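Single-letter residue listing:
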Amino acid sequence: MSEEKKEVKKETSGKDDGRKLDRRDFLQGLATVPVVGLFGAALLKEASYKKSRKAAKAAAVPGRLSEINVALLGQGAQGEVLLNAMLKIPGLRFRAVCDVWTEYNQRRAVNLLKKYKFQVNAYENYQEMLEKEKGLDAVVIATPDFWHAQHTVDCLKAGLHVYCEKEMSNTLEGARRMLLAARETGKLLQIGHQRRSNPRYLHCNNVILGEARMIGRIVTINGQWNRSAQPDLGWPQKYAIPDARLRKYGFKSMAQFRNWRWFKGLGGGPIVDLGSHQIDIFNWFLKATPIAVTASGGTDYYPKASHEWYDTVMAIYEYETKEGRVRAYYQTQTTNSSQGYFENFMGDQGTLVISETGKRGSVYREVSAPPWDEWVRKGYVTAPMLVEQKPEEETEAVLDVRETISPDEHKLPIEFNDPYHKPHLENFFSAVRGEAKLNCPAEIGYESAVSVLKVNQAIETGRRLEFDPREFAV
Amino acid sequence: MEERKFNNLQMIALVVLRVMAGWHFLYEGVAKLMLPNWSAAGFLLQSKWIFADIFKWIADTPEVLKAVNLMNIWGLIAIGLGLILGCFTTIASLAGIALILLYYVCNPPFVGLFYSIPMEGHYMIVNKNVVEMAALFVTAVTGTGKFAGLDRILSKLFRKKK
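Protein chains in written order, with this note's numbering: chain A, 1 to 474; chain B, 1 to 162.
Hint data in this document are derived by calculation from the structure and do not stem from the laboratory. Take the hints with a grain of salt, since some may be wrong.
So the derived label-pair ranges between C-beta atoms look like this [claimed, not checked]:
| no. | chain 1 | residue 1 | chain 2 | residue 2 | range |
| --- | --- | --- | --- | --- | --- |
| 1 | B | Ile50 | A | Ser368 | 27 to 33 Å |
| 2 | A | Met385 | B | Leu9 | 38 to 44 Å |
| 3 | B | Ile50 | A | Leu202 | 48 to 54 Å |
Just so you know, these numbers come straight off a predicted model, no measurement behind them. Just so it is clear, CB atoms sit at the ideal spot from N, CA and C, and this is done for glycine as well.
Build the full structure now, drawing on both the sequences and the hints.
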């Protein structure tokens with residue numbers, strides 16, 4: 001015992017003791033080698049975490065595609081956005097462009113398509129296009145809202161699959177006609193609520209709210225689209241549309257043609273143009289349609305003569321979901337862009353903030369909620385972000401007993417850098433090929449239209465309006 | 001017989017310190033290696049204090065930056081392995097101190113200097129870099145590789161061949 005101690009005493013000095021290399025030297029010499037193995041194991045685990053995150057990001061790889069013959073109906077600002085997205089989608093053959101502003105919109109679209117080696121026929125009148133163009137498979141409609149119903153019904157009846165911009169129609173009667181025409185003809189009708197195909201939104205719906213139920217029971221929602229004050233849209237004088245043609249297509253003047261969104265009977269105002277995208281997300285994520293809406297709004301800033309629809313709208317929806325009552329606030333204002341646009345879902349275990357802009361997409365865990373380690377490991381959200389330290393003079397406020405500690409921020413793992421409308425258009429064209437189901441068929445577009453158009457009605461009547469569940473069915 | 005310096009527990013504690021520092025170095029290197037586009041440029045460009053111009057010149061000169069990035073990554077990995085395995089412990093420790101000293105003078109936590117890269121704690125003059133340098137100072141002078149580490153085997157082999 002004492003001898004052994006002596007030996008230890010000698011060698012622990014770390015100095016060469018002059019003895020030969022023996023078993024003890026090897027054991028102690030290699031004592032820390034297993035640490036490298038441990039390190040390797042940890043590294044492998046990290047690599048597999050990164051791999052699962054990457055897999056979550058991976059998009060579907062297109063195989064060989066049969067060509068789809070496409071016509072474009074309406075090539076204004078929104079039509080141009082859709083066209084630019086479609087030019088990034090393989091397997092499309094553009095055949096025809098129709099726009100009543102032949103001097104400007106139509107020419108621009110034709111020239112753009114020429115650059116991409118598409119020789120297209122140009123039309124002012126869509127009926128002429130439907131008569132003359134044979135062999136079309138699909139049409140993409142981006143005309144003013146009040147034309148949607150007529151255009152969509154006629155195109156469906158001409159045997160085309162239709163992608164129609166939202167709002168489905170400015171009247172429920174029109175929207176209903178569209179839905180029925182789709183059912184009758186058996187053709188596809190996709191409504192342009194493009195967030196329904198956005199991989200970031202799909203991840204939120206299917207994984208964060210669906211599989212993982214990360215934020216728990218949603219009780220309240222708020223959303224907004226705030227936009228800076230803008231002058232009315234103008235037009236180059238030399239390209240003005242003759243009055244007779246304007247009247248033929250339902251417009252009183254060139255100014256009204258350019259700014260149709262603000263006019264009753266033509267569009268629905270910002271709540272319909274902007275709000276409908278986001279209120280559709282409320283419905284989608286809650287898997288419900290609203291039971292009532294209260295709203296306040298008006299043309300508070302712009303001249304009423306040129307802005308018949310409300311420049312400022314604040315609405316509160318009530319939902320009855322399987323889990324209980326949900327209240328959802330939505331505002332849109334067109335006089336200040338503070339905080340931009342987003343949808344914010346608040347559950348008893350966390351918060352989901354999402355926006356079509358890639359800048360916003362986070363999930364916050366309530367401090368009292370169970371840990372999210374499993375979801376982080378599976379790559380559903382990123383590990384929490386470090387909260388940046390503020391210099392002390394800025395944080396003098398001491399946490400009050402009424403406050404809770406601010407929760408950790410987890411980011412969505414999915415980056416999406418394509419044009420916003422591309423996945424939704426891809427979904428439509430895949431469905432045309434019979435390879436996918438529409439993400440926003442007429443039935444969903446209709447539910448959204450019922451939900452949104454009621455806001456304008458609630459403002460007009462100044463009352464809380466209830467939805468009859470039968471209103472959503474056709 | 002030489003005077004005993006440390007007892008077993010103290011030696012083990014020193015080895016643990018060495019291995020932990022090594023782990024940190026190794027991962028700092030490997031993590032940068034695994035990031036496809038990692039570069040020291042952002043860190044260098046933030047440089048404050050008297051050497052800022054030199055560090056910014058490195059960041060702005062592509063060839064130099066590339067060399068610095070490679071030397072940094074493989075330096076970290078080599079030092080990390082050396083410390084964990086107790087292989088050339090003293091050299092690895094001194095090299096580690098030199099490397100950290102560069103990080104430190106690039107972005108020192110001096111009073112009145114603020115950085116946009118968020119930090120996870122509060123530091124004034126002494127930050128974790130300084131603490132790690134002090135730890136490496138300990139591992140450099142205690143030669144724990146000859147207690148538990150490849151240095152133990154190497155030193156005896158070397159002596160035997162001689």
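Evaluation of the provided hints:
1. At roughly 49 Å, the beta-carbon separation of Ile50 (chain B) and Ser368 (chain A) lies outside the given 27 to 33 Å, and the hint is violated.
2. About 40 Å separates the C-beta atoms of Met385 (chain A) and Leu9 (chain B), a value consistent with the hinted range of 38 to 44 Å.
3. Under the hint 48 to 54 Å, the C-beta atoms of Ile50 (chain B) and Leu202 (chain A), about 52 Å apart, fit the expected range.
Violated hint for the displayed structure: number 1, the only one.
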